[in-house]
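The listed protein sequences correspond, in order, to chains A and B.
Just so we're aligned, residue 0 is where the first sequence starts under numbering that gives the first Met the number 0, counting upward by one.
Just so we're aligned, residue 0 is where the second sequence starts under numbering that gives the first Met the number 0, counting upward by one.
Read the hints as simulated data drawn from the structure, not as lab findings.
Cβ coordinates follow ideal geometry from the N, Cα and C atoms, glycine included.
Worth double-checking, as some hints may not be accurate.
[Claimed, not checked] Just so you have them, the derived chain A footprint on chain B, three or more residues with Cβ under 8 Å:
#: 1; segment: 9-17
#: 2; segment: 90-96
#: 3; segment: 125-135
#: 4; segment: 187-197
[As the list claims (entries may be wrong)] Simulated restraints, written as ranges between beta carbons of each label pair:
#: 5; chain 1: A; residue 1: S24; chain 2: B; residue 2: H105; range: 30 to 40 Å
#: 6; chain 1: A; residue 1: L232; chain 2: B; residue 2: P24; range: 29 to 39 Å
#: 7; chain 1: B; residue 1: Q152; chain 2: A; residue 2: Q49; range: 18 to 28 Å
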Amino acid sequence: MTPTATAKTASQRDIDREIAEADGSRPGASHPARDYASYRSSVLRHPEQQLVVVEDPEAVELSGPVFGVTDVTGLDNDLTRRHAGEPLGERITVTGRVLDRDGRPVTGQLVEIWQANASGRYAHQRDAHSAPLDPNFTGTGRCLTDAEGRYHFTTIKPGAYPWRNHTNAWRPAHIHFSLFGQAFTQRLVTQMYFPGDPLFPYDPILQSVTEAKARERLISTYDHDLSVPEWSLGYRWDIVLDGPAATWMEEGR
Amino acid sequence: METSRLEPTPSQTVGPFYGYALPFPGGGDIVPPGTPGAVVLRGTVTDGQGLPVPDALVEIWQAGPDGALRGAPGSMRRDPVTGGFLGRTGLDFTGFGRVATDADGHWHVRTLRPGPHREGATPYFAVCLFARGLLHHLHTRIYLPEHAAALEQDPVLGPLPPHRRATLVARAERDDVYRFDLRIQGGAEEETVFFDFP
Ligand SMILES: [Fe+3]
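Kindly generate the complete structure, drawing on both the sequences and the hints.
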């Protein structure tokens with residue numbers, strides 16, 4: 000990967016070549032390398048020093064913030080009912096479980112999402128994409144996981160959108176997710192993708208996860224049993240949070 | 000690695016457009032203005048050229064002054080009638096703060112000094128940093144200047160070169176206002192120490 004490539008705007012072909020070079024180069028790795036230069040904004044925004052490893056079983060980070068029913072309302076997980084009218088687009092339900100690496104459900108924790116509308120435009124002032132805004136869609140939601148670690152959202156399928164990483168760069172459709180575990184070490188911000196998107200191979204953000212098996216874990220599954228007749232299409236996406244948690248947390252919560 | 004463990008979901012960048020989803024009113028007021036003992040932590044997030052990062056998100060998690068890490072719900076209370084924000088009660092110490100950097104890369108939170116989370120521990124604020132351009136968030140810590148000497152004996156931080164260790168210590172700007180700058184990239188001299196929790 001050549002940081003010098005940032006000097007001029009890369010073509011999709013340049014990016015494709017970089018992606019191919021890095022693909023499969025970190026066997027066993029789940030998370031992206033922070034210096035994945037094909038995502039140009041990372042070049043000046045990653046540490047160059049080694050991270051300092053902490054294995055203190057009583058570190059503050061092995062516990063974490065607590066959220067409860069006061070932090071959400073019943074409508075927060077339905078992104079289609081925030082305005083007077085119905086948003087445009089394909090109505091979907093997205094559900095799944097949040098687990099830790101031992102397979103235990105993460106219960107009562109906060110899940111936050113945000114996304115573009117069906118045309119691929121964010122309701123954010125800085126989004127300069129010329130696709131139309133939808134007055135009936137803001138694109139943010141939140142919920143708490145239930146006793147089985149389950150979350151559930153009703154929304155519309157977001158559109159793909161262009162960005163300026165390189166010439167003709169387009170993001171595959173995705174929903175941004177923010178998750179809390181039982182510990183601050185398990186914090187996760189990520190993106191959920193939709194199965195079969197033709198933009199996958201061209202996107203340096205998805206491809207920053209260089210191992211094919213790990214990338215698959217970012218892609219939801221269409222689940223016909225989750226589709227609601229004459230209402231919405233169903234997608235399932237389970238999430239596994241990385242990182243240790245204090246063993247004493249198990250009794251407390 | 001044990002094979003029986005589930006493989007984790009990979010991280011992806013927070014991107015540029017989290018601003019209308021994640022920050023919430025009063026996110027930096029871990030305690031209300033005027034609370035006895037309240038301190039302000041403030042600083043700038045900068046990149047490898049020393050330029051401000053205007054699209055970073057800083058989260059704080061900490062013990063209360065009594066050292067307890069129990070946390071409490073209610074950081075981002077919602078109004079069940081209108082669906083809008085109610086704000087924190089100001090009565091319960093939730094230990095959690097979240098602020099986005101402004102156009103100059105500045106951030107600040109108002110809170111209480113943490114107590115030792117166990118007997119003899121050096122207190123600190125745990126920090127989680129997200130930004131556009133950052134594919135995987137970063138953990139760091141804010142120590143107060145009165146604890147700088149204790150860090151020299153710390154089993155993890157003690158062996159670090161002094162200038163590296165110093166990046167974890169806030170500077171007293173004036174009474175009850177501490178400065179802590181986050182340098183995501185800056186070579187061996189200036190880059191903030193970040194942590195990994197395997
Ligand atoms: Fe996005």
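Structure-based check of all given hints:
1. Residue count for the segment 9-17 of chain B with a Cβ under 8 Å from a Cβ of chain A: 9. That meets the three needed, and the coverage hint holds.
2. For the segment 90-96 of chain B, the proposed coverage by chain A is satisfied: 3 residues have a C-beta within less than 8 Å of a C-beta in that chain, meeting the threshold of three.
3. By the rule of at least three residues with a Cβ nearer than 8 Å to a Cβ of chain A, the coverage given for the segment 125-135 of chain B holds, with 9 such residues.
4. By the rule of at least three residues with a Cβ nearer than 8 Å to a Cβ of chain A, the coverage given for the segment 187-197 of chain B holds, with 9 such residues.
5. A C-beta distance of roughly 37 Å is found between S24 of chain A and H105 of chain B, which places it inside the suggested range of 30 to 40 Å.
6. For L232 of chain A paired with P24 of chain B, a C-beta distance near 34 Å keeps the hint of 29 to 39 Å intact.
7. At about 22 Å, the CB distance of Q152 of chain B to Q49 of chain A agrees with the hint of 18 to 28 Å.
Violated hints are absent here; each numbered hint is respected by the structure.
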